[in-house]
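Residue numbers (the numbering used here), protein chains in the order written: chain A, 1220 to 1506; chain B, 11 to 171.
Please note that a few of the clues may not be correct.
Examples of chain B residues toward chain A, derived with CB under 7 Å [stated by the list, open to error]:
#, residue
1, T47
2, H50
3, G56
4, D66
5, S69
6, S144
Label-pair distances were calculated between CB atoms; the ranges are [what the hints assert, rightly or not]:
#, chain 1, residue 1, chain 2, residue 2, range
7, B, C53, A, R1504, 54 to 64 Å
8, A, P1407, B, C149, 16 to 26 Å
9, A, E1369, B, G151, 19 to 29 Å
10, B, C149, A, D1450, 45 to 55 Å
11, A, R1283, B, G168, 39 to 49 Å
12, B, R165, A, R1364, 17 to 27 Å
13, A, P1407, B, R165, 28 to 38 Å
14, B, E137, A, H1480, 40 to 50 Å
Computed footprint of chain A on chain B; a stretch qualifies when at least three of its residues, placed anywhere within it, have a C-beta under 8 Å from a C-beta of chain A [as the list claims (entries may be wrong)]:
#, region
15, 70-77
16, 91-104
In short, the hints are calculated from the structure, not lab data. Bear in mind that the values here come from a model prediction, so they are computed numbers and not experimental data. Note that CB positions come from ideal geometry on N, CA and C, so glycine has one too.
What follows is the residue order along each chain.
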Amino acid sequence: MKPPPFDYHCPETLDEALALLAEHGEAAKVLAGGQSLVPMLNLRAVHPEVLIDINRLPGLDHVRIEDGELRIGALARHRAVLESPAVREASPLMAAAYPYVSHGPIRNRGTLCGNLCHNDPASEMPAVALASDAEMMLQSASGARTVGAEEFFTGTLSTAAGADELLVEVRVPQAPAGQGAAFHEVSPRKGDFAYVAVGAVVSLSGGACSGARIVCAGVGDGPHRARAAEDALEGAAPGEGAFRQAAAAAADSIDPGEDFHADADYRRDLVRSLTRRALADAASRCH
Amino acid sequence: MTTPRTVELVVNGERRAADAEPRTLLSDFLREGLGLTGTHVGCEHGVCGACTVLVDGQSVRSCLMLAVQAEGSEVRTIEGLGGADDMHPLQEAFWEKHGLQCGFCTPGMLMTAVELLESTPGAGMDEIREAISSNLCRCTGYQTIVEAVQAAAERMQGEGQ
């Protein structure tokens, strides 16, 4: 299958790209790594009139720590993020999740920001962004605004980004010192889309769990934060009992869909098991 | 601007140019525009890996890249690896270890393995399995492919390549 015809623009500056977005709006799609958009074009799931290729825009491929935040630009490829020491230092959760993100050739092209904008419900990084209170730096010809992860992910394959806006950078607050993080996933083959994935961070204060974040992917129409499970863990002594209780609360908090690969009961079961494992691993990594 | 434009690039060390519509995939451009049919087209949505080529030294799915995006790039395809008389160590090893049966996945497997062995010369079993996890083979069960890549890795290290 081949893409439908479209007008193609390859702007050389951000201003030029934003002007094109302002002009074409809903009729346009932004092409970054193309690892989600091009399959959708090939399958004719989308029919944009205009493609705005941002690959030649300068200065957007950074992965760095600045002002206590991990800042990742629109053209930072998955591979660069995966291999970045800055990510390991600032976001142990993102570092733990990245090995599950796709395969080598896809990572060589695909971008983190593109992945967030695509917002596939089975994707790992929207869940990581949600757990980390990431902020999306959106720009349009008429200005810039910042949208938190909580508001950004609005449903299956949809986000709060306007048709004239470009996600130029994602900012992830540096993880608190001592916090432990872990990520677990079950998928048909490693690197494939998750049936279910669970990420967890937790801190230990005075021998008790505090500030836990538990997020799931593959359980609904976008990344899911299991707040009931986080509440169950607050102040509890770390251990198998507390982790099991939180895992049960996480499983109760989801209303997963069913597909050919995994029914709702199986997904709930996976959330329970993976949450327990992720919490145990995260707690063991607290320091 | 749906009209064709000329795409200039370097393929296997040779400067090449041909016309492509913006929607033409790099895989189709290589096969139909440049006549390099060694790159195979399987699923056309990035799952099977048969169309894997190297662009500026990195493996990519040529079905998930537009030909116009490869403007000015350096592309390596299976045709650049070696011929019947001057096979690459990987090609020899695939032959010797029965790393292929029908051969459909082979160009993608080889280009994926080339990237691995050039970037990680002493790649071990785990790295080989991780690398080829991006490519589907419906014949071999993968074991002989892993053995072939391992044999090539040893040979290339021995030769100091």
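Starting from the hint list further up, note which numbers the structure goes against and sort them upward. Going through the list in order, the structure violates hints 1, 2, 4, 7, 9, 12, 14, 16 and respects the others.
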